[in-house]
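Protein chains: 2
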Amino acid sequence: MTPAATQAFHCAEALLPGGWARNVRIEVMDGRFANVAADMPAQPGDEVLPMALPGLPNLHSHAFQRGMAGLAERRGPGADSFWTWREVMYRFLDRLGPEDLFAIAAMAYVEMLEGGFTRVGEFHYLHHDPAGQAYAGAAMAEALAGAAAESGIALTLLPVFYAHAGFGGTAPGPGQRRFICTIDGYARLREASGAAIAHLPDAVLGCAPHSLRAVTAGELSALIGLAGDGPVHIHVAEQQAEVEACLAHHGARPVEWLLGAAPVDRRWCLVHATHMTEAETRALAASGAVAGLCPITEANLGDGLFPAPAYLAAGGAWGVGSDSNVLVSAAEELRWLEYGQRLAHQGRNLFAPAPGASTGAALFAGALAGGGQALGMAGGIAPGRPADFLCLNAAHPALTGAGGDGWMDGWIFAAGGQPVDRVWRAGRAVVSQGRHHARDGIVARYRATLAGLAA
Amino acid sequence: MTPAATQAFHCAEALLPGGWARNVRIEVMDGRFANVAADMPAQPGDEVLPMALPGLPNLHSHAFQRGMAGLAERRGPGADSFWTWREVMYRFLDRLGPEDLFAIAAMAYVEMLEGGFTRVGEFHYLHHDPAGQAYAGAAMAEALAGAAAESGIALTLLPVFYAHAGFGGTAPGPGQRRFICTIDGYARLREASGAAIAHLPDAVLGCAPHSLRAVTAGELSALIGLAGDGPVHIHVAEQQAEVEACLAHHGARPVEWLLGAAPVDRRWCLVHATHMTEAETRALAASGAVAGLCPITEANLGDGLFPAPAYLAAGGAWGVGSDSNVLVSAAEELRWLEYGQRLAHQGRNLFAPAPGASTGAALFAGALAGGGQALGMAGGIAPGRPADFLCLNAAHPALTGAGGDGWMDGWIFAAGGQPVDRVWRAGRAVVSQGRHHARDGIVARYRATLAGLAA
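One line per chain: the protein sequences are R and U, in this order. The first sequence: position 414 = 1243 (our numbering), numbered continuously. The second sequence: position 413 = 1242 (our numbering), numbered continuously.
Hints listed in this document are in silico derivations from the structure and should not be mistaken for laboratory results. Treat the numbers as computed from the prediction; the structure is a model and nothing was measured. Any given hint could turn out to be false.
Unchecked claim - Here are a few chain U residues that face chain R, going by a calculated C-beta distance under 7 Å: (1) ARG903; (2) ALA1128; (3) LEU1134; (4) PRO1184; (5) GLY1245.
Cβ atoms here follow ideal geometry from the backbone N, Cα and C, with glycine treated the same way.
Work out the full structure, taking the sequences as your base and the hints as a guide.
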């Protein structure tokens, strides 16, 4: 579907950067919001909506892992952990080619859009062929770009630099052969990746040192030089074993060491940052960087819980990511971000900033602002920004009587089924009645791809 | 829809009490499984299914609370907790009459069936009119029975005895006036409640002392006498404040005290049992009682996490309940039961009993067995049991290639959207393509009811 040069919507309610407004007329031109005005009557030809919310950014995804969702929920021979899960993941990707990645990523992106995510930050490390040889150009990045184009999701591509199996420049293992680059090879691959996404509307190119395990201090400096003003993402402090290894090698904890060794600022996204002391928590908040929280995956992998109350009290920025894509749901990420904290602290409404404030609205606002910052493109229904927005299903039982912040409380905490009714991305309608317009074909191809990989 | 006297199904795979079987022919007569045989060819007229699983029991529900889902996710004036949530709940029920309860319960039961719950344990304490006066007969229990009949869900009704606001026989507060009975009044109400459900197929009547706060030791003895061989359910050790009050009053912790003071055995379900010492955990497991775990509600209320590893190691029985019904999803209850433990213990696959075992299958089997025990009616696809079963959507992307235990891993951990395709209750098809057959009318009435309560 080609977007019309100008479209107009009239919303009984819409969440604007300043808060909820009523009778909002929204004009979209060339995929961006043009005029947004409250307290306006509908005009003939306007598409009339009961409400509108900005689309949410999904700041951390490994799209290919959607294809192994559910396959690692079996106990291994010893104690299971992140590290045994990683072995399952390495085996899954042994055979994955560019066409497979395209099919799996398109499925994941369809599910993201259906749940209200309109931009994805793809933390992309699967660069080479199954033997570890470089493809011509950036074949795997092109597959991701193709999936983004087909589904319509906005893409922030974060090509990953990965060189070592552990601290101190340990040689990589055979399971890591598809990820490994030199700095020069990475610079070429990143340039080719930028070319691969250049045709996508609103695409952003970032830079991603994989982790303090996989990157030496010298390599980290070189990568920061390559990143320019674009987003810099890094996995950090996801696992206790990583904290211990970092202490042993650097004499400092991961977040502590990174904040000292690199110019961490608003361009940065520290993914997970699960295991921090109070001092690290305050320092990360003060840096202006975004904490990239992935509640479903962090629970699936048994990572642990982020120190949210202290981080929020220090004014830290955060967003959410679907990471392993074991289950794709913006609402469930936000719900269990709050619920994990409630369980740990035996209280309620811990993300709500003040008495009377809605927790759902606070979760939504935090993820919108932090995710947009981390992915290099601010979201929100405002002139000049990409026209990425959604309309909840006002007829859903759990949204009965909802209005204002109650929309988010109902959506995030109470609504099973399909509360997201319609989604627009760059002004193009991609989801109606909870279904992506290209779902059937993308599902069929996904199923055939998985069957082929299992054969 | 009236069930035919005999129906037959042919399932490529079905989960039987002994494990997965292939080419299973299932005959249903008068709402019960009649013959169940593996390795059989399909016969003409058989309904052909790709797979069949038993329906799950939902062992703890307060159906009316579905109507306030999402309304308590705002920060209060002080620190929020279970206790401030309870004030919101008391205000909500100030105006709720029998017709309102009928409409809200029917909505909740439709959502339960759509998610794979085929029996509900209704922990029912909303007995009297808004002024605290008894209705003629058991009007509120009749409303629940009506909702069960209309939706088709199997009902274990657990009329609640509630007499005091706190330990030591404290007088109840005004917010509790609709719950309060004398023992004699309760005995009459329970008898009327039994009459109200007598027409429902497979209905079970239990007995529910509300909690150690609300019931004195003498009242507890009297209630056990009334219960006979039926289920006995009680809230216990949900909140730290309750543990402290119990210690102050009885000189013992709640589970410790209850196991000493009452003949707790396989008839019993201890709901929550969140805060236990290791000795209490082992003793509860040894009693044969079921721990009634409500992961979504316990997270929503900030209760804390059940000590699952020690309890499982001791062979304890457990099941799940949707409790406050803030969100109704069997899969999400099981997923986050496991995930809460992964986060607390920083490991994976903690419910899987042995190397190679599927966590999804272990969660499913535990909830089926423990829930059936707690609700006084064993589930499972076996002759003589109620014909309560479901078929997952084999075309769901997250169930691609699933078979055997992989069905449960995919359903519980990986499948958003609507993975439950069809549900039969007492042999009657109640859900097709993920939608309850009476959904539209029940939703319309539910929405009108909530609008009336808000007016």
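Quick rundown of the hints versus the structure:
Contact between ARG903 of chain U and chain R, as hinted, is supported at the beta carbon level, the nearest pair being about 5 Å apart and thus within 7 Å. A least Cβ separation of about 4 Å between ALA1128 of chain U and chain R falls short of the 7 Å threshold, and the interface hint therefore holds. A cut of 7 Å between beta carbons decides the hint on LEU1134 of chain U: the least distance to chain R is about 6 Å, and the hint holds. A hinted interface residue such as PRO1184 of chain U counts as satisfied when its beta carbon comes closer than 7 Å to some beta carbon of chain R; here the least separation is about 5 Å, so the hint holds.
Using the Cβ-Cβ criterion of 7 Å, the hint placing GLY1245 of chain U at the interface with chain R is satisfied: the shortest such distance is roughly 5 Å.
In this structure, none of the earlier numbered hints is contradicted; all agree with it.
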